[in-house]
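Q: Each chain is listed here by its residues.
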Amino acid sequence: MSIFGLFRKQQSAPMARERLQVLLAHERASASTDLVAVLREEILAVIARHVEIDSDKVHIKIDRDENVSILEIDVEIPLAATAQAA
Amino acid sequence: MTKVLTDARSIRIKGRSFLAVVLSPDLPVDEWLTRLDDLASRSAGFFLGRPVVLDVTDLEINRTQLMELIGELSNRNVSIMGIEGARPSILGPGMPPALKGGRPVSDEAVAKEPIIELRNSDVKPAAPEARAVLQSLVIREPVRSGQSVIFPEGDVTVIGSVASGAEIIAGGSVHIYGALRGRAMAGSIGNTAARIFCRKLEAELVAIDGIYKMAEDMAPGLRGQPVQCWLEGEAIMAETLI
Amino acid sequence: MGKVIVVTSGKGGVGKTTSTAALGAALAQRNERVVVVDFDVGLRNLDLVMGAERRVVYDLINVIQGEAKLSQALIRDKRLETLFLLPASQTRDKNNLTAEGVERVITELKRVFDWVICDSPAGIESGATHAMRHADVAVVVTNPEVSSVRDSDRIIGLLDAKTVKAERGERMEKHLLLTRYDASRAERGDMLKVDDVLEILSIPLLGIIPESMDVLRASNLGSPVTLADARSAPAMAYFDAARRLAGEALPITIPGEKRGIFDKIFGRKAA
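Chains as they are written, first to last, in my numbering: chain E, 1 to 86; chain X, 1 to 242; chain R, 1 to 271.
What the hints contain is simulated information worked out from the structure, not anything from laboratory work.
Here are a few chain R residues that sit away from chain E, every Cβ distance over 12 Å (derived from the structure):
#1 M1
#2 E145
#3 E167
The following label-pair restraints were derived from C-beta to C-beta distances:
#4 G160(X) - G12(R): 26 to 34 Å
#5 R188(R) - E41(E): 57 to 65 Å
#6 E141(X) - D65(E): 49 to 57 Å
#7 L43(R) - Q21(E): 15 to 23 Å
#8 R188(R) - Q21(E): 38 to 46 Å
#9 G12(R) - I43(E): 33 to 41 Å
#10 A48(E) - N31(R): 37 to 45 Å
#11 K61(E) - N31(R): 19 to 27 Å
#12 N31(R) - H59(E): 19 to 27 Å
Model, not experiment: these values are computed from the prediction.
No residue lacks a Cβ here, since even glycine has one placed at the ideal position from N, Cα and C.
Could you build the full structure based on these sequences and the hints that come with them?
A: Encoded structure:
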């Protein structure tokens with residue numbers, strides 16, 4: 001590798017360390033109870049009580065960070081069900 | 001008391017001949033059993049479900065010893081359907097019936113299907129010509145590490161290499177058109193004339209009729225060379241092929 | 001119908017996961033739809049190498065057990081539109097991987113993707129056999145080193161016996177991917193030569209990936225090397241390997257040597 005390469009590329013080890021810290025913190029925490037998984041199931045159960053959920057129309061995304069996990073649940077509610085609720 | 005036969009049909013009694021494997025033990029029986037175990041360990045299931053006849057012609061044993069021998073064989077899942085060549089004095093109730101008039105048949109008829117046991121049931125080599133009296137097994141691909149080809153009926157030819165950690169066990173000779181890096185055992189059921197041929201000798205072990213040579217016992221000059229091995233007395237000889 | 005590839009080796013630590021990620025990303029960069037599937041249940045790492053470890057919701061076991069739809073478990077790569085990951089479960093028992101379940105998932109994936117790349121766990125146990133079972137093509141990852149070569153030979157034997165293709169009597173397509181190739185060690189004669197490995201394993205060569213810091217850097221960053229630094233030597237080698245997988249005939253160059261392997265065989269000079 002050329003000497004310019006050393007300047008061009010930032011070190012990758014700190015990045016690796018940070019990723020592992022976040023990951024392992026979550027894995028250790030979720031060994032007993034995976035809070036996010038529990039939330040996911042319960043939220044879906046609540047919605048299912050009111051409308052019929054087509055599991056194809058449910059999109060769940062998660063993004064874990066150092067301090068927070070973001071859980072996104074995207075449920076498509078059919079028009080008929082919306083009318084009923086209104 | 002007399003029974004009145006009301007049914008006019010008669011009982012059908014017919015003669016029929018079957019093919020059986022004949023085992024001829026020799027003395028001392030313990031050692032013979034050890035050799036049998038050794039053979040069985042190399043080709044498990046050989047006797048399973050096969051009719052086996054025990055030939056005790058010229059064998060100096062008494063009734064008790066014969067009972068023990070039959071017991072030992074049945075422990076090894078070898079069930080005896082009949083006894084050949086036994087003096088009437090050593091036979092008794094509860095023993096398989098005496099047989100006589102058996103005719104020898106070619107080896108080919110006994111082993112209809114070759115016993116090829118690949119430990120992981122890895123490759124299934126092409127079935128040999130059923131009609132040939134002397135059988136040959138030809139494997140057209142490399143024999144990989146962990147695979148084991150066992151063919152007591154005759155010669156094994158491999159068109160390809162035999163990897164380190166693989167083994168070929170043949171009743172006849174072993175021919176390898178490639179590098180021999182694993183183990184080759186020829187004449188495995190007592191054939192001193194069997195030989196091992198390979199295009200490139202890098203074997204872990206070669207054996208003929210139970211006499212073996214490890215890699216470190218082989219002359220360094222032979223390594224990597226086309227070589228043939230044969231048996232002279234109790235020693236394995238080896239020389240380069242042209 | 002997509003093609004199913006298993007990336008396997010027998011031995012651990014030779015570069016299966018790295019190669020799965022790199023080849024997957026390389027094929028996706030050709031605008032083909034690719035999914036990389038992690039079969040290492042309990043010891044998943046493909047998510048880390050792909051940089052998707054924070055985004056795993058459902059996994060392969062969830063799909064097999066019917067707890068999630070396949071579409072919910074697939075994670076789309078943030079950099080490449082056509083690249084997806086199906087992660088393995090980290091917490092569940094690997095016995096949950098059933099033959100029927102794996103078959104169903106692979107069949108479904110084949111319908112949607114051009115390439116289904118299965119990252120096999122090390123060893124020859126059930127995880128590895130599940131990963132190879134439905135493959136059309138096997139990429140055998142090998143280091144130029146004796147134990148790796150022998151383990152690869154063992155795996156090639158299993159590929160010829162325990163796959164659906166082999167059981168049907170069809171020929172399993174197998175390719176050798178030589179990884180962690182160190183040109184300077186080869187020059188000193190301290191490493192098995194490419195020709196030696198090829199002669200021993202007797203399967204065609206897909207590519208030679210040079211040992212490189214770029215591979216380590218890429219996995220530190222959570223990016224397949226073909227994405228992290230597309231102009232690096234290992235990335236170029238993976239791009240070529242991907243093109244060969246896609247059916248292109250390219251000459252193979254041994255790293256550190258100016259001439260291609262074919263020139264070498266014919267003993268011709270470049271001019």
